[in-house]
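So the protein sequences, as listed, match chains F and P. Position one of the first sequence corresponds to residue 1 (our numbering), numbered consecutively onward. Position one of the second sequence corresponds to residue 1001 (our numbering), numbered consecutively onward.
Hint data in this document are derived by calculation from the structure and do not stem from the laboratory. Please note that the accuracy of each hint is not assured.
[To be verified] Subject to a maximum C-alpha distance of 20 angstroms in a straight line, what follows is the list of computed SDA-like cross-link-like pairs (lysine to any residue):
hint, chain 1, residue 1, chain 2, residue 2
1, F, K139, P, S1081
2, F, K139, P, H1093
3, P, K1069, F, D79
4, P, K1084, P, E1033
5, P, K1308, P, I1392
6, F, K85, P, K1083
7, F, K70, F, K39
8, P, K1205, P, Y1344
9, P, K1308, P, A1226
10, P, K1084, P, G1057
11, P, K1053, P, H1093
12, F, K139, P, S1077
13, F, K139, P, D1216
14, P, K1040, P, A1226
15, P, K1083, P, G1150
16, F, K45, P, D1076
17, F, K99, P, H1103
18, F, K45, P, E1109
19, P, K1111, P, E1033
20, F, K68, F, R43
21, F, K39, P, G1041
22, F, K45, P, R1105
23, F, K139, P, E1090
24, F, K99, F, L44
25, F, K45, P, G1057
26, P, K1111, F, R43
27, F, K139, P, G1079
28, F, K45, P, A1226
29, F, K139, P, E1033
30, F, K45, P, K1069
31, F, K39, P, K1111
32, P, K1069, F, G82
33, F, K85, P, H1103
34, F, K45, P, E1033
35, F, K99, P, K1069
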Amino acid sequence: MASLAAPLFPAWGADSLGVTYDGDNLHVSAADLHFVTGKTLQRLKDGAEVAYVAQLTLFYDRFVTPFKRKETRFLVSYDIWGEDKFAVTMPGPSPLSAKDLSAPGMEAWCLGNVWITAAGIRADREFWLQFEMVSGSPKELSRVLGDSGISVDLIDLFSRLPASDNRLTLQAGPLRLADLTRTPGRGRNG
Amino acid sequence: MKYAWVGCLLFGGVLFASPQDSESNVNARYTVETVILSGKGWTADLQSETTDKISSGLRHQLVAIIGQKLNPAVLDSLGQSLKKELRAREVTHRIARGTSPEHVRVEFEVKPARGSVGMSVTQFVYDSKQGWSGSGEASFSLAQNTFAFGLVSDGDWLPERYAGISARYENRRLGTDRVSLRFQFESYHEQWNTATITDLAAHPKTTSDLYRSRQDFEPTATISLARPLTLMVGARIERFESEVPAAPTAASNAVITTLRYHRRVEGSDTQQDLDADASLHAATNLLDSDFVYAMRSAGIRYQLRHGKHVVMDNAWAGILSGRAPLCDRFSLGNTYYLRGWNKYEIDPLGGNRAVHNSVEYHYGAFQIFYDTGAVWDEGQPAVPRHSLGVGIRESALSLAVAFPIRSGHVEPIVMMGILP
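Looking at chain F on its own, in the form it has when it is part of the complex (with noise of 0.2 angstroms):
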């Protein structure tokens, strides 16, 4: 596990980040995160579809030069007629997607599908972990990188998002390899 691990935006509730290696892979978790909360939970609710974007960094350094980085998308929705059920879809070429999911159990999902491949990185080689995440309708989103084109800093496009409970950083480090709890996997690089 991480020896550090630290919420810079704690807005969905979590407090410290757990990091497992399964040979390949870094993935990441949260005991505490609910992301589906507040505005956005009403916003679901209502109906509407919301986009989360996650985005996995890794430095060799604290927090100052990345090294590797991977995002991944994800559409919830609320269904109107469920039991307090969500679908969920990571659009792409070949999307993935889950139905009839509980909120938990829809947001264990998205996590269930962040991760880093690790390929490179030398067992004994001390790394930092940075997990963001942020909200918003595809539109919202768009409309926020659209309007200053690429000069936006991250601070900057949280501040502009509309929704204060939009917004989570998570980092945890430093890391090794070597001392991360293995999950199972080919264990290619361990």
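With the hints as your guide, set chain P onto chain F.
Frame of chain F, contents of chain P only:
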């Protein structure tokens, strides 16, 4: 790093904004049962009722999604159209369970703008006999309150050419949506046509003397009696400064009331509008008025729209008993009544009896009309007059040539501009 983050979101945004939105929303499998519009103090269920809050075009677009599978992208687009048309601060929508299983209600909520400033040209016309006429106003709206200030120069509507200013305060919701309040003040200077001056000299007791300026103050309240029926009650207080410098100011103080009816019937590909109104203006000595008269008028207007075809009929009649000032007498021969005729040729003082009917046919922007009417004074024979016209009209922009039908030479009148 920040560029990469932005890049991934940008890519994500492109994906999020793609047509797969509607497919990824789990509610896209449900059927829209109805569409409900609501604003401050009003609600309309479009499945079972019509509303005059929005245009028929937008209403058709909203009604068209009823019975279809839910498409969230279309709802966003309709919300934007509502916001634009209603000049709303915000339009949000939500989806709720319908009364039947697997059906959903779409509810749009309109949040009105807190304040707005606008400038508009309400009329700007050229008549080859009467010359230019125009009016415009600047307005400021805050919640249900509107303040407006306008400039007018009009040689079209009345037996006089008048120019000046107007100021208006309007409260569209006085405690309830059923009552609105309006105060209007106008101050004008007059110019008189030679024909009017000559005719008045020959018939001095017919109406008021010529005046060089007039001021009107008109407080009114409009009450919605039942949904298609409204009643306007109020007063018109007018002051006339004589052309003769030492002459005293004359007053015309009247109680005014108008009952209006409006009904719209929409079919699958037709739209019918029926408007009717009846007015009474009564000026008496009890109101310290120098003029004592009663003016009664009534009108009915019918319009049938089918695709690009529009047929209209507009009938109107008025009776004036007593002695009313020149500006309150009936006048035909302008850009609205008996188009093609010159009002100074028909009756330069106006009349105390008038009747008029206009039939119009539009195909797209093309229009053709036939006007018939008469204006006369009690005890005199009514002379019916007719005119024909063709032109183009796109929204408020109009260009038309009207021909008075009479024996002898034909002298057409060209009219163009922005008409109300």
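Status of the hints after comparison with the structure:
For a cut-off of 20 angstroms, the pair hint linking K139/F to S1081/P stands: about 16 angstroms separates their Cα positions. Using a Cα cut-off of 20 angstroms, the hinted pair K139/F and H1093/P holds, with the two alpha carbons roughly 15 angstroms apart. For a cut-off of 20 angstroms, the pair hint linking K1069/P to D79/F stands: about 15 angstroms separates their Cα positions. Proximity of K1084/P to E1033/P is assessed by CA-CA distance (about 25 angstroms); at most 20 angstroms being required, the pair is judged violated.
For the hint pairing K1308/P with I1392/P, the CA-to-CA distance comes to about 13 angstroms; that is within 20 angstroms, so the pair holds. Distance restraint check for K85/F and K1083/P: the Cα-Cα separation of roughly 32 angstroms exceeds the 20 angstroms cut-off, and the hinted pair is therefore not satisfied. With a C-alpha separation of about 27 angstroms, the suggested pair K70/F and K39/F falls outside the 20 angstroms cut-off, and the hint is violated. Restraint check for K1205/P and Y1344/P: the C-alpha separation of about 19 angstroms stays at or below 20 angstroms, so the hint holds.
With a C-alpha separation of about 32 angstroms, the suggested pair K1308/P and A1226/P falls outside the 20 angstroms cut-off, and the hint is violated. With a C-alpha separation of about 13 angstroms, the suggested pair K1084/P and G1057/P falls inside the 20 angstroms cut-off, and the hint holds. Between the alpha carbons of K1053/P and H1093/P the distance comes to roughly 17 angstroms, so the proposed pair stays at or under 20 angstroms and holds. Only pairs whose Cα atoms come within 20 angstroms are accepted, and K139/F paired with S1077/P is accepted, the gap being roughly 12 angstroms.
At most 20 angstroms may separate the alpha-carbon atoms for a hinted pair to count; K139/F and D1216/P exceed this at roughly 52 angstroms. Taken as a hint, the K1040/P and A1226/P pair is honoured in the structure, with Cα atoms around 19 angstroms apart against an allowance of 20 angstroms. For a cut-off of 20 angstroms, the pair hint linking K1083/P to G1150/P is broken: about 27 angstroms separates their Cα positions. Using a Cα cut-off of 20 angstroms, the hinted pair K45/F and D1076/P holds, with the two alpha carbons roughly 17 angstroms apart.
Pair hint K99/F plus H1103/P holds up; C-alpha atoms about 19 angstroms apart against a cutoff of 20 angstroms. In summary, the hint linking K45/F to E1109/P is supported, as the alpha carbons are separated by about 16 angstroms, within the 20 angstroms threshold. Between K1111/P and E1033/P, the direct Cα distance comes to roughly 23 angstroms. Violation of the 20 angstroms bound is thereby established for this hinted pair. Between K68/F and R43/F, the direct Cα distance comes to roughly 34 angstroms. Violation of the 20 angstroms bound is thereby established for this hinted pair.
For the hint pairing K39/F with G1041/P, the CA-to-CA distance comes to about 25 angstroms; that exceeds 20 angstroms, so the pair is violated. Our distance criterion of 20 angstroms between C-alpha atoms is met by K45/F and R1105/P, whose separation comes to about 13 angstroms. Of the pairs offered as hints, the one joining K139/F and E1090/P holds, with about 16 angstroms between alpha carbons and a cut-off of 20 angstroms not exceeded. For the hint pairing K99/F with L44/F, the CA-to-CA distance comes to about 14 angstroms; that is within 20 angstroms, so the pair holds.
Our distance criterion of 20 angstroms between C-alpha atoms is broken by K45/F and G1057/P, whose separation comes to about 30 angstroms. Taking the CA atoms of K1111/P and R43/F, the gap is near 17 angstroms; set against the 20 angstroms cutoff, the hint holds. Note on K139/F and G1079/P: the hinted pairing holds, with a Cα-Cα distance of about 13 angstroms set against a maximum of 20 angstroms. Among the hinted pairs, K45/F with A1226/P is inconsistent with the structure: their alpha-carbon atoms are about 37 angstroms apart, more than 20 angstroms.
With a C-alpha separation of about 26 angstroms, the suggested pairing of K139/F with E1033/P is violated against the 20 angstroms cut-off. For the hint pairing K45/F with K1069/P, the CA-to-CA distance comes to about 18 angstroms; that is within 20 angstroms, so the pair holds. Proximity of K39/F to K1111/P is assessed by CA-CA distance (about 18 angstroms); at most 20 angstroms being required, the pair is judged to hold. Distance hint between K1069/P and G82/F is fulfilled; the C-alpha atoms sit about 17 angstroms from each other, no more than 20 angstroms.
This hinted pair checks out: K85/F and H1103/P have alpha carbons roughly 17 angstroms apart, not beyond 20 angstroms. Under the criterion of a C-alpha separation no larger than 20 angstroms, the hint pairing K45/F with E1033/P is consistent with the structure, at around 18 angstroms. A threshold of 20 angstroms between alpha carbons decides the hint, and for K99/F with K1069/P the separation of about 19 angstroms falls inside it, so the pair holds.
Hints 4, 6, 7, 9, 13, 15, 19, 20, 21, 25, 28, 29, counting from the list given before, are not met by this structure.
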